[in-house]
Amino acid sequence: MPAIVSFGRYLPASVLGNDELAGRLHVEVAWILTASGIEERRIALPDETVPDMAVEAGRDCLSHTDVRPGLILVASGSSEKRFPGPAAEVAHRLGFAGIPAIDLPLASTGSLFGIVLGAQLAPHYGPVLVIACEKMSSAGMTEPLDKNIAILFGDGAGACLIRPDGPGLEIVDSIVHSDGAWANDLQLGLTGPIHMNGPTVIMQAARKIPVAISELLKRNAVAADALVQFVMHQANQNLIDRVARALSVPAARFYSNIRKYGNTSSASLLIAASEWHEQAALKTGDRICLAAFGAGFHWGAALLTAA
Amino acid sequence: MSRHEKIIEIVKRVSKSDVAPDPEESLFDSGYLDSFALTDMVGELEREFDIAIPDADLTPRKFDSLERIESYVARLSGQPA
Numbered sequence: 000m001p002a003i004v005s006f007g008r009y010l011p012a013s014v015l016g017n018d019e020l021a022g023r024l025h026v027e028v029a030w031i032l033t034a035s036g037i038e039e040r041r042i043a044l045p046d047e048t049v050p051d052m053a054v055e056a057g058r059d060c061l062s063h064t065d066v067r068p069g070l071i072l073v074a075s076g077s078s079e080k081r082f083p084g085p086a087a088e089v090a091h092r093l094g095f096a097g098i099p100a101i102d103l104p105l106a107s108t109g110s111l112f113g114i115v116l117g118a119q120l121a122p123h124y125g126p127v128l129v130i131a132c133e134k135m136s137s138a139g140m141t142e143p144l145d146k147n148i149a150i151l152f153g154d155g156a157g158a159c160l161i162r163p164d165g166p167g168l169e170i171v172d173s174i175v176h177s178d179g180a181w182a183n184d185l186q187l188g189l190t191g192p193i194h195m196n197g198p199t200v201i202m203q204a205a206r207k208i209p210v211a212i213s214e215l216l217k218r219n220a221v222a223a224d225a226l227v228q229f230v231m232h233q234a235n236q237n238l239i240d241r242v243a244r245a246l247s248v249p250a251a252r253f254y255s256n257i258r259k260y261g262n263t264s265s266a267s268l269l270i271a272a273s274e275w276h277e278q279a280a281l282k283t284g285d286r287i288c289l290a291a292f293g294a295g296f297h298w299g300a301a302l303l304t305a306a
Numbered sequence: 000m001s002r003h004e005k006i007i008e009i010v011k012r013v014s015k016s017d018v019a020p021d022p023e024e025s026l027f028d029s030g031y032l033d034s035f036a037l038t039d040m041v042g043e044l045e046r047e048f049d050i051a052i053p054d055a056d057l058t059p060r061k062f063d064s065l066e067r068i069e070s071y072v073a074r075l076s077g078q079p080a
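Residue numbers (numbering that gives the first Met the number 0), protein chains in the order written: chain A, 0 to 306; chain B, 0 to 80.
Treat each hint with caution, since some may be false.
Calculated lysine-lysine pairs in the DSBU-like style (CA-CA distance at most 35 angstroms, straight line) [claimed, not checked]:
| # | chain 1 | residue 1 | chain 2 | residue 2 |
| --- | --- | --- | --- | --- |
| 1 | B | K61 | B | K5 |
| 2 | A | K146 | A | K80 |
| 3 | B | K5 | A | K217 |
| 4 | A | K282 | A | K146 |
| 5 | B | K61 | B | K15 |
| 6 | B | K15 | A | K146 |
| 7 | A | K217 | A | K282 |
| 8 | A | K259 | A | K282 |
| 9 | A | K217 | A | K80 |
| 10 | A | K259 | B | K15 |
| 11 | A | K146 | B | K11 |
| 12 | A | K259 | B | K11 |
| 13 | B | K15 | B | K5 |
| 14 | B | K61 | B | K11 |
| 15 | B | K5 | A | K80 |
| 16 | A | K259 | A | K217 |
| 17 | B | K61 | A | K146 |
| 18 | B | K61 | A | K217 |
What follows is a list of derived Cβ distance ranges for each label pair [claimed, not checked]:
| # | chain 1 | residue 1 | chain 2 | residue 2 | range |
| --- | --- | --- | --- | --- | --- |
| 19 | A | D178 | B | H3 | 29 to 37 angstroms |
| 20 | B | Q78 | A | Q119 | 46 to 54 angstroms |
| 21 | B | R2 | A | E214 | 26 to 34 angstroms |
| 22 | B | K11 | A | P143 | 34 to 42 angstroms |
| 23 | B | R67 | A | E214 | 28 to 36 angstroms |
| 24 | A | P122 | B | R46 | 41 to 49 angstroms |
| 25 | A | V66 | B | K5 | 55 to 63 angstroms |
| 26 | A | D178 | B | S25 | 21 to 29 angstroms |
| 27 | A | V28 | B | E24 | 28 to 36 angstroms |
| 28 | A | G191 | B | G30 | 27 to 35 angstroms |
| 29 | B | I50 | A | Q119 | 37 to 45 angstroms |
| 30 | B | K11 | A | G179 | 35 to 43 angstroms |
| 31 | A | V14 | B | G30 | 27 to 35 angstroms |
Just so you know, these hints were derived from the structure itself, not from any lab.
Even glycine gets a Cβ: it sits at the ideal position worked out from N, Cα and C.
With the rest of the complex left out, here is chain B:
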């Protein structure tokens, strides 16, 4: 499973949705994530990609769309986006 697919699965799981959001769609504005689902998602991203997200990066802006999440995870993993 690609990184992109893994992130979609995580978002679907924490948002309890069967439908994947569009890559640039705001996960908050569209109702996929609320504050607690976002918190759960951050934990799942850390476990799935074996990364440690620093406290300073725990802001909703960094995780507001699939595109942003993927870009962030890639940067933290030292891999190309």
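With the rest of the complex left out, here is chain A:
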């Protein structure tokens, strides 16, 4: 069974805290935290690109294993060029020129869809390196600043390596959905800024994420309470808490690092999974659920088992 054998991440060094951001947005510092659960976020250097950060996350992921990829998937909704996407450049800079490198132009669900596709493709192509990377500051913090957008986003990259067979975190099952009826409610045009119909996005996400998780767990005959960890796209702490409540699972079982990094869109799930995995004391048989929702709308969940 395909399994994740390594994680990696990269966060830019520059930290933008709520104090500074509140001054720029003319809002209360406390409001930012209450509305989002975010205290600070990382901001890439002006000349730091999506491929730059993706390469760093990929290197970090590969530094933990001797396995080399036969396929690279790179998800990003904020890459600098209409084409080519970052995948081919990232593969070349990692030293893997010649192997297929595919772009996934997905925002918040890029990590999850990359993992789901990677699990399906690994038996054919061999190990799959999945990278998700975003420079959201280039899109979400452009003048004139929209306070409801600017407080949310940060920059960064996450990665994982999927082998066709375990041991590792076996990808037991997954479920993904898309519905373009909501395509205009969360979008980033070619020239920005981000347009977000916040109430619709939150209402849909708060409904669709727990339903997808429940659907996945039901068909695998697993109770939500039996999972040791949930790792979600880090969109907003209030949303994470509501998903936990909808599943009747303690919020503490949902890994969260949004306080430190904000919403890094596609990268957030793999950054969070990378941090969580580094400190997790997993036992064979432990079950973990990954979940995400984002622009499209796309959403879904994956069930992993430690093996």
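Since the structure of chain A is already known, use the hints to place chain B on it.
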């Protein structure tokens, strides 16, 4: 308690307000509801009136005032507004 009164109680509870909004007042513009309070309100409406609000109806426009909420709940319940 009438349907109207129940809806007012739900809005006051999720918005943490002691004051009831006017029937046609925008619950967003007046600050009663934000995105998360709206989400909570939808859940409470489903439980209180034993209705299932379909995903396609999860847009803020349908729930922007007491009047709209009451009309929507009545329609979904198959009852007169």
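Hints and how they fare:
1. B:K61 with B:K5: Judged against 35 angstroms, a Cα distance of about 17 angstroms means the pair holds.
2. A:K146 with A:K80: holds (26 angstroms)
3. B:K5 with A:K217: Status holds; Cα separation ~34 angstroms.
4. A:K282 with A:K146: violated (43 angstroms)
5. B:K61 with B:K15: holds (21 angstroms)
6. B:K15 with A:K146: holds (23 angstroms)
7. A:K217 with A:K282: Satisfied, since the Cα-Cα distance of roughly 23 angstroms is no more than 35 angstroms.
8. A:K259 with A:K282: Roughly 28 angstroms separates the two Cα atoms, so the pair holds.
9. A:K217 with A:K80: violated (41 angstroms)
10. A:K259 with B:K15: With a Cα-Cα distance of about 28 angstroms, the restraint between K259 (chain A) and K15 (chain B) holds, given a limit of 35 angstroms.
11. A:K146 with B:K11: Status holds; Cα separation ~26 angstroms.
12. A:K259 with B:K11: OK: K259 (chain A) and K11 (chain B) at ~33 angstroms, within 35 angstroms.
13. B:K15 with B:K5: This hinted pair holds, its Cα atoms lying about 15 angstroms apart.
14. B:K61 with B:K11: Roughly 18 angstroms between the alpha carbons, so the hint for K61 (chain B) and K11 (chain B) holds.
15. B:K5 with A:K80: With Cα atoms ~53 angstroms apart, K5 (chain B) and K80 (chain A) exceed 35 angstroms; violated.
16. A:K259 with A:K217: Holds. K259 (chain A) to K217 (chain A) sits at ~33 angstroms (cutoff 35 angstroms).
17. B:K61 with A:K146: Distance ~25 angstroms between K61 (chain B) and K146 (chain A) Cα, so the pair holds.
18. B:K61 with A:K217: holds (31 angstroms)
19. A:D178 with B:H3: 29 to 37 angstroms: holds (34 angstroms)
20. B:Q78 with A:Q119: 46 to 54 angstroms: For Q78 (chain B) and Q119 (chain A) the Cβ distance comes to about 48 angstroms; the hint holds.
21. B:R2 with A:E214: 26 to 34 angstroms: holds (32 angstroms)
22. B:K11 with A:P143: 34 to 42 angstroms: Given a distance of about 35 angstroms, which is inside 34 to 42 angstroms, the answer is holds.
23. B:R67 with A:E214: 28 to 36 angstroms: Distance hint for R67 (chain B), E214 (chain A) holds at roughly 31 angstroms.
24. A:P122 with B:R46: 41 to 49 angstroms: holds (45 angstroms)
25. A:V66 with B:K5: 55 to 63 angstroms: Holds, since V66 (chain A) and K5 (chain B) (Cβ atoms, about 59 angstroms apart) stay within the stated range.
26. A:D178 with B:S25: 21 to 29 angstroms: Taking Cβ atoms as reference, D178 (chain A) and S25 (chain B) lie about 27 angstroms apart, which means the hint holds.
27. A:V28 with B:E24: 28 to 36 angstroms: holds (30 angstroms)
28. A:G191 with B:G30: 27 to 35 angstroms: holds (28 angstroms)
29. B:I50 with A:Q119: 37 to 45 angstroms: holds (38 angstroms)
30. B:K11 with A:G179: 35 to 43 angstroms: holds (37 angstroms)
31. A:V14 with B:G30: 27 to 35 angstroms: Holds, at about 31 angstroms.
The structure shown violates the earlier hints numbered 4, 9, 15.
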